[in-house]
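A.B. asks: In case you want the letters, here they are:
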Amino acid sequence: NAGVMQNPRHLVRRRGQEARLRCSPMKGHSHVYWYRQLPEEGLKFMVYLQKENIIDESGMPKERFSAEFPKEGPSILRIQQVVRGDSAAYFCASSPDIQETQYFGPGTRLLVL
Amino acid sequence: AQTVTQSQPEMSVQEAETVTLSCTYDTSESDYYLFWYKQPPSRQMILVIRQEAYKQQNATENRFSVNFQKAAKSFSLKISDSQLGDAAMYFCAWGNGNKLVFGAGTILRVKS
Chain E
1 NAGVMQNPRH
11 LVRRRGQEAR
21 LRCSPMKGHS
31 HVYWYRQLPE
41 EGLKFMVYLQ
51 KENIIDESGM
61 PKERFSAEFP
71 KEGPSILRIQ
81 QVVRGDSAAY
91 FCASSPDIQE
101 TQYFGPGTRL
111 LVL
Chain L
1 AQTVTQSQPE
11 MSVQEAETVT
21 LSCTYDTSES
31 DYYLFWYKQP
41 PSRQMILVIR
51 QEAYKQQNAT
61 ENRFSVNFQK
71 AAKSFSLKIS
81 DSQLGDAAMY
91 FCAWGNGNKL
101 VFGAGTILRV
111 KS
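Residue numbers (the numbering used here), protein chains in the order written: chain E, 1 to 113; chain L, 1 to 112.
No lab work stands behind these hints: they were computed from the structure.
Treat the hints with caution; some may be incorrect.
Stated by the list, open to error - Restricting the straight-line Cα-Cα distance to at most 30 Å, the calculated cross-link-like pairs of lysine-lysine (DSS-like) are: (1) K27/E to K71/E; (2) K78/L to K44/E; (3) K55/L to K70/L; (4) K44/E to K70/L; (5) K51/E to K71/E; (6) K73/L to K55/L; (7) K78/L to K55/L; (8) K44/E to K27/E; (9) K62/E to K44/E; (10) K111/L to K78/L; (11) K27/E to K51/E; (12) K44/E to K73/L; (13) K55/L to K27/E; (14) K44/E to K55/L; (15) K71/E to K44/E.
Values in this document were obtained by computation on a predicted structure and should not be read as measured data.
When you get a sec, could you build the whole thing from the sequences and use the hints?
C.D. replies: So this is what it looks like as structure tokens:
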């Protein structure tokens, strides 16, 4: 059973460009979570999605950030008009049901030049 | 709001010895879960152990065990017979199903 997959593993963008981060949950998992880790810090919750629905986006900035988890395909975290402060590691996690353990992907390291 | 505090930025342990990492949390919710995750230099987040708040018995996974004190809102991790491969950043986390709230982490160094 493959684990949580994230791609790309590393992404470099110039200020003002768009970043698209993809996450494929573990087989049988319909709950996806996105977290951001700034250098030397712990992970911060951004958004929680189930298939086609955003359940909790309380940790996601109101502007430039959006997330989706379509019926078919991976979950996407999209950052428009990136700024240097967006440079971080973005982790996706999945679980089979609410209150089940979240299993993490390897992360995407975003660097904004 | 929920908070998780790890008061030890860094800890060291001799190989084969035992070390305890501290964690306290604050929440007003009655139904929640607690976790310890390990992040080695690869930065992959690896689950170490999970504790349900409604369970009085402390969780154990091989060399890893927790001391869960619900009234004190304390959740420490004990690593027995420490190995070089245990060297990593350790994060304590609180969860309610919607999200995990992480502490700032403790760097564990293992000396040979």
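A.B. asks: Hint by hint, say whether it matches the structure.
C.D. replies: Here is what the structure says about each hint:
{"no.": "1", "hint": "K27/E to K71/E", "in the structure": "holds, 14 Å"}
{"no.": "2", "hint": "K78/L to K44/E", "in the structure": "holds, 25 Å"}
{"no.": "3", "hint": "K55/L to K70/L", "in the structure": "holds, 10 Å"}
{"no.": "4", "hint": "K44/E to K70/L", "in the structure": "holds, 24 Å"}
{"no.": "5", "hint": "K51/E to K71/E", "in the structure": "holds, 6 Å"}
{"no.": "6", "hint": "K73/L to K55/L", "in the structure": "holds, 14 Å"}
{"no.": "7", "hint": "K78/L to K55/L", "in the structure": "holds, 18 Å"}
{"no.": "8", "hint": "K44/E to K27/E", "in the structure": "holds, 25 Å"}
{"no.": "9", "hint": "K62/E to K44/E", "in the structure": "holds, 15 Å"}
{"no.": "10", "hint": "K111/L to K78/L", "in the structure": "holds, 17 Å"}
{"no.": "11", "hint": "K27/E to K51/E", "in the structure": "holds, 13 Å"}
{"no.": "12", "hint": "K44/E to K73/L", "in the structure": "holds, 21 Å"}
{"no.": "13", "hint": "K55/L to K27/E", "in the structure": "holds, 29 Å"}
{"no.": "14", "hint": "K44/E to K55/L", "in the structure": "holds, 27 Å"}
{"no.": "15", "hint": "K71/E to K44/E", "in the structure": "holds, 26 Å"}
Against the hints set out earlier in the document, no violation occurs for any number.
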